[in-house]
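**Q** If you want the building blocks of each chain, they are given just below.
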Amino acid sequence: MTAPAAPITRPVAVPSDSPPPLRRRKPPSLHSTLSRVLIALIVIVQVYPLAWLFITSLRTEHDFATGDPFALPKSLTWENYARAFETGNLWLNILNSFIVTMGANVLIVLLGMMAAYALQVLGFRFSKFVRSLFLVGIIVPVQIALVPLFIDYSTINLLDTYPSMIIPLAGFALPMSIYLFSSFFEYIPRETYEAASLDGAGPYRIFGLITLPLSVNTVVTVVLVNSIFIWNDFIFANTFVLSEELKTIPLGLQNYIGAMGKTDWTATFAAVCITITPLLLVFLVLNKAMIQGLESGGSKG
Amino acid sequence: MLPNRSRLSVLVFLLPPLLLYCVAVLFPIVQSLFLSFFSWNGISDMEFVGLANYVRMLTADDIFWRSFFNALGYLAICLVLQLGGALLVASLLTSMRRGRELIKTLYLLPAVISTVAIAFLFVRIYSIEPVGLLNQLLHWIGLGALERPWLSDINTVLTAVSAPEGWRFTGLYMLIIYAALLSVPQELEEAARLDGASRWQLFTKIRFPHIMPVWITTTIMATTYGLRGFDIPYLMTNGGPGQSSELLTTYMYKTAFSSTDFGYASTIAVFIVVECLVAVGLILFLLKRKADA
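Protein chains in written order, with our numbering: chain A, 103 to 403; chain B, 41 to 333.
Quick caveat, the hints were computed from the structure, so don't treat them as lab data. All C-beta atoms in this analysis are idealised placements derived from N, C-alpha and C, irrespective of residue type, glycine included. The reader is advised that the hints may include incorrect statements.
Stated by the list, open to error - Not the full set, but computed from the structure, chain A residues with beta-carbon under 8 Å of chain B:
{"no.": "1", "residue": "L155"}
{"no.": "2", "residue": "T341"}
{"no.": "3", "residue": "L344"}
{"no.": "4", "residue": "L348"}
{"no.": "5", "residue": "I351"}
Unchecked claim - Anything over 10 Å on all C-beta distances counts as not near chain A; from chain B, calculated:
{"no.": "6", "residue": "L54"}
{"no.": "7", "residue": "S84"}
{"no.": "8", "residue": "L133"}
{"no.": "9", "residue": "E141"}
{"no.": "10", "residue": "K144"}
{"no.": "11", "residue": "G182"}
{"no.": "12", "residue": "G184"}
{"no.": "13", "residue": "D193"}
{"no.": "14", "residue": "T264"}
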């Protein structure tokens, strides 16, 4: 279904008799044509389903139920979007997702920065141990926390609240954030801190006046990368939230399935299109920053 | 270390993050371990059963083993699609001169979409009535005999629920591998080319060894993410038909929240953690040894 599952072998039909240095100057060789075709195919596999999703959201129901799925719609309609808003609480879902994403991001950035500052800049005797403690959170799957948190939340009446989603989302994202901030703090020269120290600045002022302002780029990276995962979180929301008023987008979308015995697919797709738009816009506008963040997040991990 | 830091300032900066982390991550791990020795349905009194849950899981629970092997299959498909696809596209991309940024963005696009949306999308792609994209495509290229309801056929359902997960994140790994490939020293490649190395040799002898550390990281990432895969199978088939697409994660979830067997669910959760740790250890052991050799 996805990218041709053929393993790492790529077409190596290279004419070996031509001297290598010349090959680069030649007009498109067989190899580069092949790789271009292959790339185009793979990109189509990645993008076409999403385009199809959007096109389907503009189809009439009749067209969807009877037509060839690849054909362009015979007529375009916005009716599906109207029905999508009637069926669910889309605005409320979007608002909830926004609150959860913001809340978790504030915690992730602020606490991540503080921990990295303590570990990387201040330093202390057990810092190695604390670091490895945080490493656990990167490897361990989130499912381990579901049952314990569910039980704890119900004892302290925290089930079905915003914090019930925000706490585990932030907690599990914290290690990566600490890691990104730590590796950025490494690049701030020691002399900067030493100079500030000599001028009498304590650890709090140094944090506020030097470390914090310098970290803006890393903050953007951390927020962008985490927002994708938090905005789309399904498992925590599905486990801890029951009432309609608190449902985030992934839960809200589920209401469309079989709501009336039979699923209204075109309206569902319209709802999907509406809910992916905010994140998609952010992604397309800031994709340079996001791509950079994802690259650096993995290549040093 | 800052010269005039106090012990208090370390605590001020360290305690709040550590507190959140303990509440959300560390304490639940310990609690799961604890619960796994009990039998408890959430209402009646907890009953200490020792290792009984583990014995039941490992020796008497067919569904558990079914889910375990399904999860391995799911992992294998995800890894091939994600890492194989990522390496292929990243390698191809380095030989292109224009449009790299555009392709990176497009390739990453599915990673931005929520799993619920992806599950809906793929339910329609696999559908047979009305005919979905996959069946229509097979029909066109003359493989009409393969048309089937992919999600209700017990032979195809596991592959069908794994593919969307692979599809979703291949762009992420591609970015990371691509960034690593760019860091391969040009002189090294030039020199090898002058010595008459083929593209394949260039790849296996120079590029791949050079990106080995990043490859290890991405393999670990993809493996741990694959082992915790949950959303898409849960949403698309809920483990069915029968148990043919049940993963350990979905089985654990149902044990906890449908059968409210918290003790046994914790046992399965502990197993998933151990499985992840073993997998990471194994990857480090195998790939590190290969890299050192």
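**Q** In ascending order, which of the hints set out earlier in this document are inconsistent with the structure?
**A** 3, 4, 6, 8, 9, 10 and 14
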